[in-house]
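A.B. asks: Each of the two chains sits in its own frame; use the hints to bring them together as a complex.
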Amino acid sequence: MALKRFKAMGAAIALAFWSKVAYAEFVWNFPKPVTPLAEDTLHVHNKFMLICMVIFLVVLGIMIYSIIHHRKDKGYKPANFTGPSTKAQVFWTLVPFALLLYIDFILMGIPAYHSVITMEDTKNNADMVIKVTGMQWRWQYEYMDGDAKGIKFVSNLKTPQEQIYNQAEKGPDYLLEVDNPVVLPVGKKVRILLTSNDVIHTWWVPQFGVARDAIPGFLRETWARIDEPGTYKGQCKELCGKGHGFMPVVVNAVSEDEFKKWAESKKAELAAASAVAEKEWSKEDLMALGKEVYEKNCSVCHQVDGKGVPPAFPPLAGSKIVNGPNFDAEGKLIKDSHLDRVFNGFRVMPAWKGVLNDVEIAAVVTYERNAFGNAMGDLLQPAQVKALR
Amino acid sequence: MTTAAQAHEAHHDHHPTGIMRWLTTTNHKDIGTMYLVFALIMFMVGGAMALAVRAELFQPGMQLMRPEFFNQLIGVHALIMIFAALMPAATGFANWLIPLQIGAPDMALPRLNNWGFWLLPPAAILLTLPFILALFGIGDGAIATGWTFYAPLSVQEGIGVDFAIFAVHLLGISSVMGSINIIVTIFNMRAPGMTMMKLPLFAWGWLITAFLLIATIPVLAGAVTMLLTDRHFGTHFFNAAGGGDPILFQHLFWFFGHPEVYILLLPVWGFIPHILSAFSRKPTYGYKAQVYSFWAIGILSLVVWAHHVFTVGMPVPALLYFMYSTMSISLPLAVLFFCWIATMWRGAMSFETPMLFATGWIILFGIGGLTGLVLADVAADAQYHHSYFVVAHFHYTLFAGGMMGMMAGTYFWLPKMTGRMYSEKLGKLHFWLTAIAFNLTFMPQFFLGLAGMPRRIPDYALQFAEFNMISSIGAFILGLSQLIFVYNIVSCIRGQGEKAADKPWEGAEGLEWTLSSPPPYHSFTVQPVVK
Numbered sequence: 398m399a400l401k402r403f404k405a406m407g408a409a410i411a412l413a414f415w416s417k418v419a420y421a422e423f424v425w426n427f428p429k430p431v432t433p434l435a436e437d438t439l440h441v442h443n444k445f446m447l448i449c450m451v452i453f454l455v456v457l458g459i460m461i462y463s464i465i466h467h468r469k470d471k472g473y474k475p476a477n478f479t480g481p482s483t484k485a486q487v488f489w490t491l492v493p494f495a496l497l498l499y500i501d502f503i504l505m506g507i508p509a510y511h512s513v514i515t516m517e518d519t520k521n522n523a524d525m526v527i528k529v530t531g532m533q534w535r536w537q538y539e540y541m542d543g544d545a546k547g548i549k550f551v552s553n554l555k556t557p558q559e560q561i562y563n564q565a566e567k568g569p570d571y572l573l574e575v576d577n578p579v580v581l582p583v584g585k586k587v588r589i590l591l592t593s594n595d596v597i598h599t600w601w602v603p604q605f606g607v608a609r610d611a612i613p614g615f616l617r618e619t620w621a622r623i624d625e626p627g628t629y630k631g632q633c634k635e636l637c638g639k640g641h642g643f644m645p646v647v648v649n650a651v652s653e654d655e656f657k658k659w660a661e662s663k664k665a666e667l668a669a670a671s672a673v674a675e676k677e678w679s680k681e682d683l684m685a686l687g688k689e690v691y692e693k694n695c696s697v698c699h700q701v702d703g704k705g706v707p708p709a710f711p712p713l714a715g716s717k718i719v720n721g722p723n724f725d726a727e728g729k730l731i732k733d734s735h736l737d738r739v740f741n742g743f744r745v746m747p748a749w750k751g752v753l754n755d756v757e758i759a760a761v762v763t764y765e766r767n768a769f770g771n772a773m774g775d776l777l778q779p780a781q782v783k784a785l786r
Numbered sequence: 465m466t467t468a469a470q471a472h473e474a475h476h477d478h479h480p481t482g483i484m485r486w487l488t489t490t491n492h493k494d495i496g497t498m499y500l501v502f503a504l505i506m507f508m509v510g511g512a513m514a515l516a517v518r519a520e521l522f523q524p525g526m527q528l529m530r531p532e533f534f535n536q537l538i539g540v541h542a543l544i545m546i547f548a549a550l551m552p553a554a555t556g557f558a559n560w561l562i563p564l565q566i567g568a569p570d571m572a573l574p575r576l577n578n579w580g581f582w583l584l585p586p587a588a589i590l591l592t593l594p595f596i597l598a599l600f601g602i603g604d605g606a607i608a609t610g611w612t613f614y615a616p617l618s619v620q621e622g623i624g625v626d627f628a629i630f631a632v633h634l635l636g637i638s639s640v641m642g643s644i645n646i647i648v649t650i651f652n653m654r655a656p657g658m659t660m661m662k663l664p665l666f667a668w669g670w671l672i673t674a675f676l677l678i679a680t681i682p683v684l685a686g687a688v689t690m691l692l693t694d695r696h697f698g699t700h701f702f703n704a705a706g707g708g709d710p711i712l713f714q715h716l717f718w719f720f721g722h723p724e725v726y727i728l729l730l731p732v733w734g735f736i737p738h739i740l741s742a743f744s745r746k747p748t749y750g751y752k753a754q755v756y757s758f759w760a761i762g763i764l765s766l767v768v769w770a771h772h773v774f775t776v777g778m779p780v781p782a783l784l785y786f787m788y789s790t791m792s793i794s795l796p797l798a799v800l801f802f803c804w805i806a807t808m809w810r811g812a813m814s815f816e817t818p819m820l821f822a823t824g825w826i827i828l829f830g831i832g833g834l835t836g837l838v839l840a841d842v843a844a845d846a847q848y849h850h851s852y853f854v855v856a857h858f859h860y861t862l863f864a865g866g867m868m869g870m871m872a873g874t875y876f877w878l879p880k881m882t883g884r885m886y887s888e889k890l891g892k893l894h895f896w897l898t899a900i901a902f903n904l905t906f907m908p909q910f911f912l913g914l915a916g917m918p919r920r921i922p923d924y925a926l927q928f929a930e931f932n933m934i935s936s937i938g939a940f941i942l943g944l945s946q947l948i949f950v951y952n953i954v955s956c957i958r959g960q961g962e963k964a965a966d967k968p969w970e971g972a973e974g975l976e977w978t979l980s981s982p983p984p985y986h987s988f989t990v991q992p993v994v995k
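In order, the protein sequences belong to chains A and B. Residue numbering for the first sequence follows the working numbering, starting at 398 and increasing by one per position. Residue numbering for the second sequence follows the working numbering, starting at 465 and increasing by one per position.
Treat the hints as calculated values from the structure; they're not laboratory data. If you're wondering where the values come from, they're calculated on a predicted model, not measured in any experiment. Be careful, since some hints might not be right.
Said to hold, decoys possible - Simulated crosslink set (DSS-like; lysine-lysine; CA at most 25 Å straight-line):
| no. | chain 1 | residue 1 | chain 2 | residue 2 |
| --- | --- | --- | --- | --- |
| 1 | A | LYS546 | A | LYS471 |
| 2 | A | LYS549 | A | LYS586 |
| 3 | B | LYS967 | A | LYS469 |
| 4 | A | LYS484 | B | LYS752 |
| 5 | A | LYS546 | A | LYS704 |
| 6 | A | LYS717 | A | LYS549 |
| 7 | A | LYS471 | A | LYS520 |
| 8 | A | LYS729 | A | LYS546 |
| 9 | A | LYS555 | A | LYS676 |
| 10 | A | LYS680 | A | LYS657 |
| 11 | A | LYS484 | B | LYS967 |
| 12 | B | LYS752 | A | LYS471 |
| 13 | B | LYS889 | A | LYS471 |
| 14 | A | LYS469 | B | LYS963 |
| 15 | A | LYS429 | A | LYS586 |
| 16 | A | LYS658 | A | LYS546 |
| 17 | A | LYS528 | A | LYS693 |
| 18 | A | LYS676 | A | LYS729 |
| 19 | A | LYS783 | A | LYS729 |
| 20 | A | LYS693 | A | LYS704 |
| 21 | A | LYS474 | B | LYS967 |
| 22 | A | LYS585 | A | LYS567 |
| 23 | A | LYS783 | A | LYS688 |
| 24 | A | LYS704 | A | LYS680 |
| 25 | A | LYS469 | B | LYS892 |
| 26 | A | LYS657 | A | LYS528 |
| 27 | B | LYS889 | A | LYS469 |
With the rest of the complex left out, here is chain B (with noise of 0.2 Å):
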């Protein structure tokens, strides 16, 4: 594609202007920003959520807030964190990046796409709400049963969990249908010559992930709609009273809960290697091996639900089989890291930014991953579950493993989406604060859980006290090494900074560094041919 060519069609942009333009807009960059905006913007309030959480611990006894505030914090911190900032994160890059890499001009459904945008702050209002209407005397606050909703308590609260299950109904049917979207591009829409098997590594965690959301989502909006009739319509599914079982609700939740994970997970190991191979001058090492690991822990992550549920009392073969199960995605996972650290591997490495986060990253999961295959075993698991063992693992997998990878994305991407470069003295310095925050934050509550600290616990026994401060004030570094992020980001946005090559990284392969930089507003107008 010339460049003739695309001033031609800058001219051809019409679209309306101000705030039309984003609502009505079909245009995947524009939704994908949207989404990405959307991300940034719900990240820092779920992360404001867990600041509050971690002053209130700062030290034994209560002191800023009451316990019933604190349960609601924890719950909508996570259920933001989750929904409404990582999910979001990965869908903007699908966006962004998926119709690039495969030379289509949009994706298949442009329309769904505008509309799976815009359920989503609406969505986000719906969760946040309730504290708001507390403040005016209507009901008593926000959903605080944690994210998990766990029947009988989510029947017996107040109105915040009304909301959240419409929350979460709208999420739901928002990441359905970007699902759709996704796999309808993928497999339609790629360009002349890109067979499956060529297809960039982002496509296809998220093609896998598009299969998991349409798997599991379905299972949760029917576990809280069970929910939502047991609260108001009378029904018993979750009282045993009315001959149903709590129990019940927790496999439904982590039918779909597990392959939470991966679908928060996957789209990250898809953009790793492309950070790796750009930033080790080396093509990815072991594609098709990368490409089987992502379905099969695709494939596992759907049978293995029940570890997260190993105290509720199972019987003996059904703990042998999901812990053994659970055991054996470390197998695909160990492929995924061989892989990684073999692209690196006797390449011409260099540290920029996006390097030194997938770098850290890859070190980091692999915390996540190692002290995940502990947690299978189910006697140690009874100690380990629901203490800060807990909340210090899934924070190394989806802070360390989500966020972090999306940042490392973010800073690889940005000069692409935006035509400038971020400061990469800040960039390098939010990602040493980052890292070591993140290990004084999370690292001293391994020790809180192993010594006997229950999770969701407002206050505390003495005994805990010291990690705990050391865990807030790391918490208060890394919240605040989070501005450094946004003004990157912000100045990129705002043209500051300086002009982005189209091909910013030398070791960068794949179609969306052939266009400008930022890419036409209708990009591939003729339609590439990949060899």
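Same shape as in the complex, but just chain A (with noise of 0.2 Å):
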């Protein structure tokens, strides 16, 4: 009896496991290529496997044929040599040696050889550039020429902290979500430049077979051939801090003209959000915005409620920063006042001017000097900010 209920139980869980294994998509190998890189990429990886994969079973069956064969129990009388003893056996040794001499300079060496040719042939023939700029926890994105030229936005993960800590369901994105895409167009050789803010982060997109550090004033650069329209994901890939896990990568690629669309409507997006910054702003609308710009960009450290996680991140709720004057007698900025840390960063903390626009930072700085508990009162305006630039 019990020995039966054991058995249906274990039969339940094998179940359980199997049907969710059922809707699993394994994935066996890299996704699909979408650049000629990618495609190289792909190809070298593949071959090399095979090859190894080879080796390591010709080997493995040597092993357990004498495994099988060459045992005490079944009375072997071992022999006694030490190496190769003539002529013969010493060119059999030899063989081998010469096999992967081959394999290791030519068989690999050489497609290896043209894939590295391949991989850094960034500067030829570019048709566009984009500068790639990695910052905890976010992606930057600058169009250096062409139609989109001047375009410049930031790309955050979209995924909800609810999701990220159970407390929602997660979305099929989960993670590889942003609120700003960067978008390509197909059949475009892009060069990309890369630099970060902070710390070294690396772009990171598998089916373009591009990654590459972005590294603290330097540059570096790499390049893509998108071949087909549509939404790519990558993701960080260089330990960053604790934001390392949630700055993904996503890219539109979209035809030429397509694209061209794209970039005007973002370019109409970027003048009216400049032109807002012209006109005196209400306290509520400020407040409205600062709290999506304070949840989207700071919540990260200083935490929703703006408790902080001392002693790295200090607490902004009831800070004698926050609380304090942010302009002396004759309107200048106050250096290490909460504004100009907003702005020109302090340690750890970023740079923001760099990053949001002027009615984001005038916005999230009213929302931190009134929320929490904080009641400053005061507001700032966005002229406020363009000054200061």
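C.D. replies: In structure tokens form, the structure reads like this:
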């Protein structure tokens, strides 16, 4: 009886596991390549894996043969050779060595050489240039030339904290979704320049065959020519602090016409944003926008409730700096004031002037001064931020 | 040496008793034992951290910890496993076995030996103390940069980095002292007739390891000291804004870091032939070829470091040089594999636990080695690099190639060291559980990496969920089955189990088997002569 129940339980567990597995998409190899470089990489990878598999199986086969036949319990009498003794034996010990030389430097060496040359061919015949800046923990994209010249925006993780901390059901694009995907035209060779504002990040899109470090203070480059329209996803793959797992890369590859249309609309959007910086904002509008900006950019460290994670990330609630003046009597920005730290950064805190626009900075500063129990009551106008630039 | 002489000697073991014996001992066997016990304890501590990591990764979403704590666990896990488990285990075996194998009464520099060991516990405390300090609100926990300390992240992070820097200094000093001792011992204290080309392969492996340690540890010490001054004294070695270069740190680190891989593996390559030949009842194949391969790999390991940083953006000639030089390591390594299998070939094999571990070791380390060969390819490396593919690869080389090799050595020499036989049944169970659970844990990680999962992330996209779950289940079986290993060792030390013969393995060769089991406190009071 007990045994029967035990068996039934086992079957139920196995069934639960296998039903889960049945839904799973087990991926056994690189995702589908969409650039010439990724194509080349996949080809090289498959070839090398095959060679290694063959070497492994041959050697394993010899070992297993020996393990089965050369056993004491089968009465096998041990030989006592310690090396090759005849010329023929010396020859046969050199064969695997020669074979390996051939595999290393010809069979694998030549395709590997070609893929390195392809990978590093970043400058020739580039159709457009974009600059990617990594920062804790988001990517900034800037279009350097062509139809989209001047467009610059930040791309943040869109997955809400509730999903990450299991308070809400996880969406299908969990951790691989952003608010502003970078848009690139298909069929164009895009030269990608990389740098960083803080620590080292790595910009990685597996389907492009591209992974290159973004290093603070240096420019690195790589390239991609996307052959098919689609949405391609990747992640940062250099440990860059606590948000390392939460800074995905999402690229929308579209046709050239669509890219032009997108560039125009994005430009119009950015122009509108800079126009509103001129107007006088109401406190309600600033607070509403500020909350949004805060939760997207600041709450990772200072937390949604403004309590921070001391000592690394100080609280804003009740903070002397947040509850202090920004401008002195002559209207000049005070060093180490609230606005100065937001605008210019401080130690681990990034300088937000390069990431957020005037309205966003004004909004988030106003929000911080009037939320989490802080009650400064004052508001900062976008025009005041603009004057600092 | 006669039994009467041994019995006579046994009366002359005057040494303090209790804790003072262990604090003040200069006896190579005592110190070896302390190294091995320390390594075993730290192996369990590091393993517990790995299990906490795997528990968090069991399902998508943050379940058990915050991302910053996750980052601390992965970094400290690696530092402990490398510096506080694998390296002390290798040094422990060196202390125990090298004097016995070369017919020396002790290590050449016994007081240095004692000091070398007693630097380790403070280092282990420095590594882990920040976890405890954080509980009392001091600092924000242990080092969270991974074991590689990459600047500028390590300049930015909290006091855990400072603790880790000083821990690495202590561990480094300890390693260099141990290395000097081993070199001096091997060069000066060999029994008459024990020429260099009759030296047991374990001693050869360690000799090269010792030279590599002396060549590379000072570079690591320099790099982390520069990091320390960048953090606290306003220098800008690794800060581009001040004229420095963050990539410089990576080059310095890996100039140490790549030879470190062989520092961990060479002692194991040294004792695997002893085990294979004993259980094949057949002499080692290609002794000279193996010695020359050790040298070749040791030298090559010093000139291939930049294959760890292919994605930083290097000039094409540098990429090609590091790719081809890395591939060329496969040649001497292939010679070793050839010799190991040729040693088994046409022997009369039996599969006691040490032999099971040695055989399984060849297969699993082979997978690690072959995946290393594909990792050398620059373009494909861009995809493998810092993905789970690499995590799987280095666990095949360092858990299977390092740790399982140490286990083979432990089972082989445990009867000699303790004078008791372990339980063969439990030993075999331990092997099979370890081998199967190891593959269950790390094989799926190859596929996770190919599918695009980066390493060192506390949470992952839904497409990676199934393989991660399998991997976590494997990890828990793997972790728990190591308790059998601990039980086997502890029961031998406590004198349970059958009494071991002086030479418990029929086919074993070497001077250590001419002594009693366990050997007398002072061995070789009459110098042996090797013919």
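A.B. asks: Next step is simple, just say for each hint if it's right about the structure.
C.D. replies: Checked hints:
1. Taking the CA atoms of LYS546/A and LYS471/A, the gap is near 78 Å; set against the 25 Å cutoff, the hint is violated.
2. For the suggested pair LYS549/A and LYS586/A, the alpha carbons sit about 20 Å apart, so the restraint of at most 25 Å is met.
3. Taking the CA atoms of LYS967/B and LYS469/A, the gap is about 18 Å. The hint holds against a cut of 25 Å.
4. A C-alpha spacing of about 18 Å is found between LYS484/A and LYS752/B, which places the hinted pair at or below 25 Å, so the restraint holds.
5. Restraint check for LYS546/A and LYS704/A: not satisfied, since their Cα atoms lie roughly 40 Å apart, outside the 25 Å limit.
6. The suggested pairing of LYS717/A with LYS549/A is violated, with an alpha-carbon distance near 34 Å, which exceeds 25 Å.
7. At roughly 66 Å between alpha-carbon atoms, LYS471/A and LYS520/A are farther apart than 25 Å, so this suggested pair is violated.
8. Between the alpha carbons of LYS729/A and LYS546/A the distance comes to roughly 34 Å, so the proposed pair goes past 25 Å and is violated.
9. Annotation: proposed proximity of LYS555/A to LYS676/A is violated, straight-line Cα distance about 29 Å (limit 25 Å).
10. Taking the CA atoms of LYS680/A and LYS657/A, the gap is near 37 Å; set against the 25 Å cutoff, the hint is violated.
11. For the suggested pair LYS484/A and LYS967/B, the alpha carbons sit about 37 Å apart, so the restraint of at most 25 Å is broken.
12. Only pairs whose Cα atoms come within 25 Å are accepted, and LYS752/B paired with LYS471/A is rejected, the gap being roughly 31 Å.
13. Note on LYS889/B and LYS471/A: the hinted pairing holds, with a Cα-Cα distance of about 21 Å set against a maximum of 25 Å.
14. Our distance criterion of 25 Å between C-alpha atoms is met by LYS469/A and LYS963/B, whose separation comes to about 24 Å.
15. For a cut-off of 25 Å, the pair hint linking LYS429/A to LYS586/A stands: about 19 Å separates their Cα positions.
16. A hinted pair counts as satisfied when its Cα atoms are at most 25 Å apart, and LYS658/A with LYS546/A qualifies at roughly 13 Å.
17. Distance restraint check for LYS528/A and LYS693/A: the Cα-Cα separation of roughly 22 Å lies within the 25 Å cut-off, and the hinted pair is therefore satisfied.
18. Of the pairs offered as hints, the one joining LYS676/A and LYS729/A holds, with about 21 Å between alpha carbons and a cut-off of 25 Å not exceeded.
19. Between the alpha carbons of LYS783/A and LYS729/A the distance comes to roughly 13 Å, so the proposed pair stays at or under 25 Å and holds.
20. Between LYS693/A and LYS704/A the CA atoms are separated by roughly 16 Å; this keeps the pair inside 25 Å, and the hint holds.
21. For the hint linking LYS474/A to LYS967/B, the alpha-carbon distance of about 21 Å falls within 25 Å, and the restraint holds.
22. For a cut-off of 25 Å, the pair hint linking LYS585/A to LYS567/A is broken: about 35 Å separates their Cα positions.
23. With a CA separation close to 20 Å, the supplied pair LYS783/A and LYS688/A stays within the 25 Å bound.
24. Between LYS704/A and LYS680/A, the direct Cα distance comes to roughly 23 Å. Compliance with the 25 Å bound is thereby established for this hinted pair.
25. For a cut-off of 25 Å, the pair hint linking LYS469/A to LYS892/B stands: about 18 Å separates their Cα positions.
26. Between LYS657/A and LYS528/A, the direct Cα distance comes to roughly 18 Å. Compliance with the 25 Å bound is thereby established for this hinted pair.
27. Taking the CA atoms of LYS889/B and LYS469/A, the gap is near 19 Å; set against the 25 Å cutoff, the hint holds.
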